[in-house]
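> These are the residues of each chain, in order.
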Amino acid sequence: MVYGMSDEQIDTKLERIGWLVLLLAFTSGFIIMSVELLGGRILAPYFGSSIYVWGSIISIFMVALAMGYLIGGRLSINRPNLGLYGLFFLLAAIGLLPIVFFADNAMDAVFSAIDDPRYGSLLASTLLFFIPTALLGMIAPYSVRLMVDNTRHSGQVAGGLYFVSTLGSALGTLLTSFYLVLWFDMNTILITMVAVLLLAGSLAIAFNRKRS
Amino acid sequence: MSRVQVLAFACLLCIGDVTGEVIHREKSLYQNIEIQQRGDDRCLVFAVRRDDRRQSCFDTENPDRVVFSYVRMTFGGLLLQPKPSSILIVGLGGGTLPTALNDLYPTAKIDVVEIDAAVVRVAEGFFNFKANDYLKVAVQDARVFIKRAARLGSRYDLVILDAFTGEYIPEHLMTREFLSETRSLLSEGGVVVANTFSSSELYDYESQTYKAVFNEFFNFKLPASGNRVIIARPAGLPDRETLEANARALAPGLNRFGVAIESFPKYLNTRADWDQTAPILTDQFSPANLLKNR
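These protein sequence lines are chains W and R, in that order.
One rule links them: number in the working numbering = place in the first sequence (from 1) + 25.
One rule links them: number in the working numbering = place in the second sequence (from 1) + 122.
Bound-form chain R, shown alone (with noise of 0.2 angstroms):
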């Protein structure tokens, strides 16, 4: 071999220590799954080519670490409502979220909805996932179980939205009729929270199409993070004083996950920081994951 080839050698394992060891691989309906090992963190992957998604991470030897700051901005949520005794997670993961969230709050009833059976088994059989009488999973198009569930008349006090692909979120999960389905769900003080990416003209779509459900919400963007998790209580937003409050009556239960929930309520703010001449996306016309490459 000449030096070159032994440097580009070298080069495809540094490149393959990064991505972290495969540990298993499966196609399944909705997409190619990975799960990948690096040290020891572990990582759901929707395989699309070269640019891997991580949808989620869990660490082996401290599973209680929470490793995505996504995952733990999600937590924001509690800041409006610190005791919910219902929750709905839209798109399970790896399970981190509602597995923390079980932890945190056991005799709270948690419904999951994951569109992909393989996902609940990968969830199962690689990060510690375990259902139990509390926490539910419903294996299940999420426009689907919302409809239903709005009609059988089930109330959350607290709605995650959740749901990604190996490219972004489904489209008929992004416009204002599924918006108002959700918004429907909530139950007295309720409170939505939805993670979401801020690049691309998408967002100034996506910021709009929440503002015409929602009115008002938080816009939660914390420094050198590429994700904005949207918070929004149709019941009107609280102070700075009320969240500071709840942040501090929070904190000792979620230190052990890595959240820095005292960090947050400085970055909740209402400022529309979009171009709000943006149309909304309906049923109608949500060319969603077209626009997200602009």
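Pulled out of the complex, with its shape left as it was, chain W reads as follows (with noise of 0.2 angstroms):
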């Protein structure tokens, strides 16, 4: 563990960890936009494919980003480590699997309580997306943090991360509608996105065992 550290030992230590970081960064951000591209299938036999659906989905997908940003910045002050980093897959990772085993139940209650498909879609997708969404968004902050060793660099360390991650949700917009939901269910698709993730968790703790 990290405890008992100087600030300037967790710095050294985490510099050498850099290529890990910018891979796992890199899985996140496929991931996020995988999901949410799946998400429109996933409630369009509920709430349609109107443009209201996109509408509720993509605003979900920013709130939660924009409080996992938050939640994940904050957690960074003290003594950041690959532990608690890698904990934050492993959370995403469950916070998926409600999406394959409850979707339709919770998207039934929904579509039965609520009358208007903008409403309920964007109810549902709350339900659905929110908890994961925020969870791998808090990544992305606690990334940089893991990853700057000076503040002159710290702009720099900060575009690496984003240019990495943002190609990341590219290539997972790219590849889901290009090829995956043609080759695969999509609980098949997003079974595998938590198998991933647990995958990403599980390294990036092993990490942090092995170096402490």
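Keep in mind that the hints are not guaranteed to be accurate.
[What the hints assert, rightly or not] Incomplete in silico selection of chain R near chain W, CB under 10 angstroms:
#, residue
1, H294
2, T297
3, V335
4, Q406
5, L413
[Unchecked claim] From the derived model, a few chain W residues whose C-beta atoms are all more than 10 angstroms from chain R:
#, residue
6, A69
7, G73
8, R170
9, Q181
Hints are computed from structural coordinates only; laboratory data are not their basis.
For glycine and all other residues, C-beta sits at the position ideal for the given N, C-alpha and C.
The two chains are supplied separately, each in an independent frame; assemble them into the complex guided by the hints.
See below:
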């Protein structure tokens, strides 16, 4: 564990795990957009595929990411470490599971309770996507903290991370919409993403153990 | 101008003449809508760049005439249900079909679901479409309408699925779950009629999906038409004599719409002319519009 180390010691330790953080940031970027895109498909049977369904999904993703950034940033103040970072991934994996197993029940209940498909899709998006997306959002600022070792390069590091995770998002969007939906069931795609997040989280935790 | 330029210019004009003059154009939330007029024919077009797809046409001089063969084919559903008292139509287009059915069955309750409010305005403004006490339009996503109607216990004698975008049928309106919801809306002996294309790999998937939900159905194709109309009835399909008797009874009423109903029964067959190993489309797996280009 990192307890008892000075800030300088922590920083030198973290310097060497840059590639891992970049890889994981890429993964989270990929998964955020892949889930968002599948979100449209998930809601369509209950709320249609009109523009307001996309409006609901995108706005909930934005609000969830905003909250995630805030919380992730706050958590990065004290003793940033790969263990907690890995935990975000594990929790996000668990957060995605209700989409696979309870989406129909949740949407059914919302459909019965709310007549207007605009507010129905907004509530359903919140129930299904808010928690996993917020958890994935926490990864971004925490990644920055793990990689920044001085103020002078902080902007550059943040830029590099945004670069990698946004490219991940682009690839997630493209692969999902062009190929994944053509090859697999939606639940298969989601379960695979859960597995990838579990793997990513375990990897971070393993590195944390090894280095402490 | 050189001779080549003159020829090129003349040819531009001739292409312009073939597609017709655009008399109205508007961008809606869902598509680019154009109204084209060529001679007496006025057409609703959901413009997708060059391969414009004419959704619906009507003859301004002879408004009763049904211009498109696929719309005429849709009347084939009446052979299995000659006296529907309630009808659901998904997709308004120019409103030709609901208007004709309202004329034929003035006391039948007809519900039309159309996602795009602009299409309703255009149908009213350019195609003489008018809602009335029996003929009503709901501006809504069809999936939402049908799910809600099924829960409220609504039943229809005839359901016509004709929802098209500029591209094809929306993906969530082609799945097994959607068709099951639609089936649950049918009254005793109720009939589903679906307008589809018969080209591309999607034909196999779509056919298998309908078969999974409705078992055997009439696969209705006319020579020289790229459309295929599915006519399904969960209560079972009638024999040829019944179809022909119904066709004779319907013929006088359908005559003025240019629908040669008496020629239809011989084309109604249940032969599966598609790849029966194709997977079915579900809410989990519906890459429908990606398959369309194959």
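> The structure should be examined with respect to each hint, and the outcome stated for every one.
Against the structure, the hints come out as follows:
For H294 of chain R, the suggested interface contact is upheld, since its CB lies about 4 angstroms from the closest CB of chain W, less than 10 angstroms. Taking 10 angstroms as the C-beta contact cut-off toward chain W, the hint placing T297 of chain R at the interface holds, the least distance being around 8 angstroms. A cut of 10 angstroms between beta carbons decides the hint on V335 of chain R: the least distance to chain W is about 15 angstroms, and the hint is violated. At a threshold of 10 angstroms, the smallest CB-CB gap from Q406 of chain R to chain W is about 4 angstroms, leaving the interface hint in force.
With 10 angstroms as the threshold, the beta carbon of L413 of chain R comes within range of chain W, its nearest partner Cβ sitting at about 8 angstroms, so the hint holds. With a cut of 10 angstroms on Cβ distances, A69 of chain W falls inside the contact zone with chain R, its closest approach being about 4 angstroms. Residue-level check failed: G73 of chain W sits 3 angstroms from the nearest beta carbon of chain R, not beyond 10 angstroms. Here R170 of chain W stays apart from chain R, with its beta-carbon at least about 39 angstroms from theirs, past the 10 angstroms limit.
Every CB of chain R lies more than 10 angstroms from the CB of Q181 of chain W, the least distance being 40 angstroms, so the non-interface label holds.
Violated hints for the displayed structure, listed by number in ascending order: 3, 6, 7.
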